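Enquirer: For the protein sequence lines, the chains are A and B, in the order given. Those letters in the first sequence? Residues 1 to 424, by our numbering. Those letters in the second sequence? Residues 1001 to 1424, by our numbering.
There's no promise every hint is true.
[Stated by the list, open to error] Now the in silico label distances, taken between C-beta atoms and shown as ranges: (1) A:N415 / B:T1057: 40 to 50 Å; (2) B:H1139 / A:S34: 25 to 35 Å; (3) A:R183 / B:G1381: 17 to 27 Å; (4) A:Q138 / B:T1057: 36 to 46 Å; (5) B:T1057 / A:M370: 51 to 61 Å; (6) B:Q1071 / A:G329: 35 to 45 Å.
[As the list claims (entries may be wrong)] Chain B is faced by these chain A residues, among others (derived, beta-carbon under 7 Å): (7) R36; (8) I40; (9) I44; (10) D148; (11) A150; (12) E151; (13) Q155; (14) V175; (15) R179; (16) Y321; (17) P326; (18) D371.
If you are wondering where the hints come from, they were derived from the structure by calculation, not from laboratory data. Just so you know, these numbers come straight off a predicted model, no measurement behind them. We put the beta carbon where it would ideally sit given N, CA and C, even for glycine.
Protein chains: 2
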Amino acid sequence: MNQANKKYVSKYQDSHHKKWPVGTKGIWVNEKESGRYSLIHEEISLPAAVLRQSSLTNNLNWMQQFARHHQVQLAPHGKTTMTPALFEQQLAAGAWGITVATAPQAEVAVEAGAKHILMANQLVGKANIAMVRRLQQQHAVTFYCCVDSAENARQLSQAFEQGSQPLHVLIEYGVPGGRCGCRSEQDVVALAETIHTLPGLILCGIEVYEGVIHGANAEADIRAFLASAINTVEHLTERQLITRSQPVITGAGSAWYDVVAESFADHPHLLAIIRPGCYLIHDTGIYQDAQANVMARAERNQGATCDLGGDLESALEIWAYVISRPEPGKAVIGMGKRDVAFDAGLPIPERGYRNGHTLDIDGLKAIAIMDQHTFVEVPEGHDLSVGDMIAFSTSHPCLTFDKWRYLCVADEDYNVSQWVETLF
Amino acid sequence: MNQANKKYVSKYQDSHHKKWPVGTKGIWVNEKESGRYSLIHEEISLPAAVLRQSSLTNNLNWMQQFARHHQVQLAPHGKTTMTPALFEQQLAAGAWGITVATAPQAEVAVEAGAKHILMANQLVGKANIAMVRRLQQQHAVTFYCCVDSAENARQLSQAFEQGSQPLHVLIEYGVPGGRCGCRSEQDVVALAETIHTLPGLILCGIEVYEGVIHGANAEADIRAFLASAINTVEHLTERQLITRSQPVITGAGSAWYDVVAESFADHPHLLAIIRPGCYLIHDTGIYQDAQANVMARAERNQGATCDLGGDLESALEIWAYVISRPEPGKAVIGMGKRDVAFDAGLPIPERGYRNGHTLDIDGLKAIAIMDQHTFVEVPEGHDLSVGDMIAFSTSHPCLTFDKWRYLCVADEDYNVSQWVETLF
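Based on the sequences and whatever the hints tell you, model everything.
Expert: Here is the structure:
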């Protein structure tokens, strides 16, 4: 996409582009006057990635309501979808900003209209730093990034002391054996003292990612870690190493956002931000399990999540054909690692279709995946045939999204009149 | 890309587009008069995917020479790179055509100029069939696809009997426990008899994929299977179920192409086509191992491969920054599952750079990967620092390519003046 004249607008929303792009999988259709294409009646090339709008809307509102209920701000992690049209929906629903992992992702979030960008990662390297400086110069945007070393703080200071705008930084606080982040309160304080001496940087608060804490005592360990993070922010504020009126505290992936929000809730003087990403798409695998844990904790703790009603729904499916029935008990599906995540469980057959009608697919199970093929086990006696369609749900939405340039947005009858474009 | 006005031409080769695309990772640069950007001097945003042109050229020529030497045609599998600029190089070097796995991939190969498209897969579904019919109508192209069931043959016949051009089909011959394909010579013959009765289809030969044959006797089993496939083509020709002057026999992924080419070599009356895909990019993992086996077989058999001289080279690297040194012995790299294949081994640190100079990285090893991060083990005493760059080689090029929209093409000094665009 070209910044100057097109931003990221999908070709499907752009009247100047009537042709379908060459070779873009999952969208080829014979052009219809109605602009409405039926998946069930095979008007779209499969495999295709399909988002159910009703589930997207449900998830969008559910999480925004959750954040409001807990009086925390929501900055959805954009890395999951990298889909500007979805960022726009998240911002319109009330998101404070968009979280990103890299400088190029920050560009996309800014173009989608985010006014607050939280880069929950380190900003490293000349070109990446230059990209962020340009964003700050050209847009009315507040950009935050993480720092966990004096080395990186000095690199950033050197770059930003020359510009008109300083860089807002958060110290990343981590845990031993975890990912990035200072390993102790003492290290955080020492780094804050260093940052205090460096021009071009404004220390705004602390960032954590609790998702690296595992084990039998994960919940208690996470609560203790969050308490320590909040305690450290307050200490830094007392010492005037943080001077802004609302110091930032931010955490939460998609598995423990409830615990994080609860921990932040009693600190109204802080700008508390949660950053779940997968909630918008959800899945029927690892994030369904994580959400079940959220709900179980809510019941146990009589937490506010219970009062919200409803729950997240899996919004993403991959539709594909049975392309071969080479042996009894085995079907080969025209869908592979090129189309769907496979790192946290294989895709799950949800519904079948044949000649425009639903098809019973009870007992079908994906057992192996290759670049362009998936093997499905077929129960004895099932007449699954070449040409039958299967809609698969997935586990780990992030890794599916980056396989697609366009995803179909479908209504309840699996009619598609809109495509959204990804910008990975 | 828009078919009508742009084909697949990269924005970087298009004088009408001077701006860099928003948020496209690995390409952001401050525009320079020279159009030449140094990776080592950090003029390109990392992570970035980098192709060494010299290795690409070496691999291109090596495999084309191999095919010529064995008097087989080369139809490189396009699914590996899905990069039209690389398809063009393969065709210019003498490739007979391009192999694809899906109808959208066929569109891209045709747009890149391929006159023969070998879809080494089943063509299933109304929209996919319509796409191929349109290709045949709009381009002077010969399209072949595989069939392994009477069901699919009937579906294709129904679609193609209405058009002006018939569909060229190959019967896929497979092995018990394998992927697609008829499981015996008898099944192949029975399907050929069915196809013979169906209008709109022309049976042209047999397709195999020997890469699903594993085990201690793999080589012998593959040779026996290939002999059976050739025998069956000849039987079908004798019975006039295949009537073209040069019946097609095609096989070969990237691991056994030597054995396949040798098996085909003594049958000059056949149009023998090999379809390796990964050779152009190669790797330092599974395909390096496979190629070592090719070379060992050549030595053992005094095969023609020995006479060629040279060998394939790994042409692809991912460059990324050290973004955190949170603990002794651990570095976090700004590169993750979003950037590099991880299904057949983790990326391998090859070279390091600091402030424009090389850096010794002996003993560094990737030990885990997340969406946006890789953990690297650092030997005691190594002063690896935040901001250092590491160039990683990879295993399984296919799964890395589909993470990128643009890949840098670098010279021997890692200067980049060209980007190639992928079209997944």
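Enquirer: Confirm or reject each hint.
Expert: Status of the hints after comparison with the structure:
1. A:N415 / B:T1057: 40 to 50 Å: Holds: the Cβ-Cβ distance is about 49 Å, inside 40 to 50 Å.
2. B:H1139 / A:S34: 25 to 35 Å: For S34 (chain A) against H1139 (chain B), whose Cβ atoms are near 29 Å apart, the range 25 to 35 Å holds.
3. A:R183 / B:G1381: 17 to 27 Å: 20 Å, holds
4. A:Q138 / B:T1057: 36 to 46 Å: 40 Å, holds
5. B:T1057 / A:M370: 51 to 61 Å: 30 Å, violated
6. B:Q1071 / A:G329: 35 to 45 Å: 41 Å, holds
7. R36: 15 Å, violated
8. I40: Hint on I40 (chain A): violated, closest Cβ of chain B at ~11 Å, above 7 Å.
9. I44: 6 Å, holds
10. D148: 5 Å, holds
11. A150: Violated, because the Cβ-Cβ distance from A150 (chain A) to chain B comes to roughly 9 Å (cut-off 7 Å).
12. E151: Holds, about 4 Å.
13. Q155: Hint on Q155 (chain A): holds, closest Cβ of chain B at ~6 Å, below 7 Å.
14. V175: Not OK, violated: V175 (chain A) not within 7 Å of chain B, min 10 Å.
15. R179: 6 Å, holds
16. Y321: Holds, about 4 Å.
17. P326: 6 Å, holds
18. D371: Cβ of D371 (chain A) sits 5 Å from chain B, so the hint holds.
When each numbered hint is compared with the structure, violations occur for hints 5, 7, 8, 11 and 14.
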